[in-house]
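Novice: Sequence:
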Amino acid sequence: MNSHTVKTTALAALFAVTVAAHGGGAIAAGAHGAGKGHGHGMAIGEPGDAAKVDRTITITMKDNFFEPETIEIKEGETIRFVVANKGAFLHEFNLGTAAMHAAHQKEMAEMMEHGMITATGIDHKMMKMDHGGGKMMMEHNDPNSVLLEPGKQAEVIWHFTKKVDLEFACNVPGHYESGMMGPIQFKHGQ
1 MNSHTVKTTA
11 LAALFAVTVA
21 AHGGGAIAAG
31 AHGAGKGHGH
41 GMAIGEPGDA
51 AKVDRTITIT
61 MKDNFFEPET
71 IEIKEGETIR
81 FVVANKGAFL
91 HEFNLGTAAM
101 HAAHQKEMAE
111 MMEHGMITAT
121 GIDHKMMKMD
131 HGGGKMMMEH
141 NDPNSVLLEP
151 GKQAEVIWHF
161 TKKVDLEFAC
171 NVPGHYESGM
181 MGPIQFKHGQ
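Under this note's numbering, the first residue of the sequence shown carries the number 1, and numbering increases by one thereafter.
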């Protein structure tokens with residue numbers, strides 16, 4: 001077996017264990033949708049204006065890692081992230097702090113539990129349904145994040161308003177834990 005096959009097999013096993021661990025109990029989730037979620041108007045920056053993009057960074061998601069592994073930006077910069085899923089599994093590109101990722105991982109586990117996402121896909125119809133118990137729809141449409149099925153591509157445009165400890169990560173159950181995350185480092189200068 002080559003190293004990518006071993007890593008893919010290990011990721012699939014971790015994914016299955018994570019889903020099983022979260023499968024029995026309810027996991028609290030926030031209002032994950034309608035563009036009101038994890039990055040809009042928060043201390044990590046704000047959605048960027050496409051007309052004011054300073055530069056573009058291409059992000060490739062594979063089955064247990066991102067390329068590049070680290071992102072360097074400047075305070076005040078507006079970046080267009082062109083994100084492509086070149087893996088065999090469902091992956092997410094999400095900008096946030098470590099605490100934001102930890103909270104979002106619980107929401108993603110709940111999305112899995114409710115059948116909104118699977119290891120390889122998104123059930124858009126399920127995301128728009130009422131899931132009972134006061135649970136709101138969870139469409140995964142926050143401006144600091146994209147959730148992509150294999151072979152899909154999307155963009156995130158983000159304005160980094162100030163220096164803060166940030167990561168980019170995949171919060172699909174088991175992926176962050178397998179190392180699918182990286183630091184966002186602020187460069188000095190204008």
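Just so you know, these hints were derived from the structure itself, not from any lab.
Think of the CB as a built atom: it goes at the ideal place given N, C-alpha and C, for glycine as much as any other residue.
Accuracy of the hints is not assured; some may be wrong.
No more than 27 Å apart at the CA atoms, straight line, and that leaves these computed lysine-lysine pairs for DSSO-like [what the hints assert, rightly or not]:
1) Lys86 x Lys106
2) Lys52 x Lys187
3) Lys163 x Lys52
4) Lys106 x Lys74
5) Lys152 x Lys52
6) Lys74 x Lys52
7) Lys125 x Lys187
8) Lys162 x Lys125
9) Lys52 x Lys106
10) Lys86 x Lys163
11) Lys152 x Lys128
12) Lys125 x Lys52
13) Lys74 x Lys162
14) Lys125 x Lys152
15) Lys152 x Lys62
16) Lys128 x Lys74
17) Lys125 x Lys106
18) Lys187 x Lys74
19) Lys125 x Lys62
20) Lys187 x Lys152
21) Lys163 x Lys187
22) Lys128 x Lys162
Distance windows between CB atoms, simulated [unchecked claim]:
23) Ala98 x Glu155: 23 to 33 Å
24) Ala50 x Thr97: 34 to 44 Å
25) Glu72 x Asp49: 20 to 30 Å
26) His124 x His188: 38 to 48 Å
27) Thr118 x Ala154: 11 to 21 Å
28) Thr161 x Thr56: 28 to 38 Å
Novice: Kindly indicate which numbered hints from before are broken by the structure, ordering the numbers from low to high.
Specialist: 4, 7, 8, 9, 10, 12, 16, 20, 22, 24 and 28
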